[in-house]
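Next come the chains, spelled out residue by residue.
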Amino acid sequence: MALKSETYPIASSNDVVRVRQIARLWASELKLSLVDQTKLVTATSELARNTLEHGGGGHVTIEMVENGLRRGIKLTFKDSGPGIPNLALALRDGYTTGNGMGLGLSGSKRLVNEFDIISDVGRGTTVSIVRWK
Amino acid sequence: MDRIPILKVGACLLVTIQVDMHDELAMSLQEDLTAQIARHGSRGVLIDISSLEIVDSFIGRMLANIAAMSRVLDAQTVLTGMQPAVAITLVELGMSLPGIKTALNVERGMELLTEYIGRVGEPEEGDGPEE
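Protein chains in written order, with the numbering used here: chain X, 1 to 133; chain P, 1001 to 1131.
One chain only, chain P, in its complex shape:
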């Protein structure tokens, strides 16, 4: 079975969905991503859907699941490149995508993730006991 390639970019994982996925492919992407986040300790997941002309409730649920599983593994998910027609249809379908940040394109998406990782990675101020 084909698998959708997952690329490691520093502390992030990058996926671009370029094919019309059948349901099993979507499920294996969900599993692969989760496994890779855990294996690499990734802090961010960027899913580019600029080539997806259709996002139905199954794909939508897959994306929401990926975001939820990433969260549990302490990673942030960003969805990039959603086509306007897809966005309009999703709203009308009644689907919200909880826990997923969106960005216009991959560059902005990486900026968002880098900011998130940087911010969380900084040592907290005032951690030590007051003298």
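This is chain X alone, in the form it adopts within the complex:
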């Protein structure tokens, strides 16, 4: 259940910076530990950059969510880009179709509690992550 929700565009590298800062703000509002904040913001940075560079831009929805007594932050990154043909390959450490280190997807997955990805070739990709307090 979402308690509050905001959506931001990811269309430039400045947007990636802004989205990081917003994630940091929400994470500290939720009083996540410093390490958990850092992990969430780092995962946000990776996925926002993916949205920009591989997805051709898109947007992110950030939500304060609740599951019983738990509260958390959920970020959903959506683009209408080329999509990912082989998800299993994309989720492997070191696999990259760009100039990166291939850690964006696989690394982000390790940094959060929940990670979901849906991708349709030619339609786009949606990645969502949750960090619970």
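Derived by calculation from the structure, the hints in this document are not laboratory data.
From chain X, some residues computed to sit far from chain P (all C-beta separations above 10 Å): (1) ALA2; (2) LEU3; (3) LYS4; (4) TYR8; (5) LYS31; (6) GLY57; (7) LEU69; (8) GLY81; (9) GLY83; (10) PRO85; (11) ALA88; (12) PHE115; (13) ASP116; (14) SER119; (15) VAL121; (16) VAL130.
Label pairs and their calculated CB-CB ranges: (17) GLU1107(P) with LYS4(X): 44 to 54 Å; (18) LEU1007(P) with GLU114(X): 43 to 53 Å; (19) LEU1007(P) with ASN86(X): 44 to 54 Å; (20) ASP116(X) with GLY1094(P): 11 to 21 Å; (21) ASP1032(P) with ASN99(X): 18 to 28 Å; (22) GLU1115(P) with LYS4(X): 45 to 55 Å; (23) GLY1094(P) with LEU87(X): 14 to 24 Å; (24) VAL1091(P) with LYS31(X): 22 to 32 Å; (25) LEU34(X) with GLY1118(P): 35 to 45 Å.
Fair warning: this is a prediction, and the values are worked out from it, not measured in the lab.
From the three backbone atoms N, C-alpha and C, an ideal C-beta is built for every residue, glycine too.
Starting from the known structure of chain X, arrange chain P on it as the hints suggest.
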């Protein structure tokens, strides 16, 4: 576009990253540093990241690239002041930073570099032919 200042301290270059860098800024730092190492013949590069709250794979790759390019130009790179939360996250992200030495703070980092430069700068023993 803003540029991150690079200071020359003797045979070393000193950079302190105090802003949340967007990707282009990180790339221009990489280029600027490499150009300055070549221009001054610097032997050491100290990058202070004590203000960086986030090091993601892009920044990590930039740092690794700087270290690799410095190496090719015969300079040693030292990273100082990495925040503990950043270190923990980097490990979990799966990033190693090959070829980069780290130090707790700028003083220790300069000591490390001075030692490296001093050691490499000394004439080798037994260079001449044995009589």
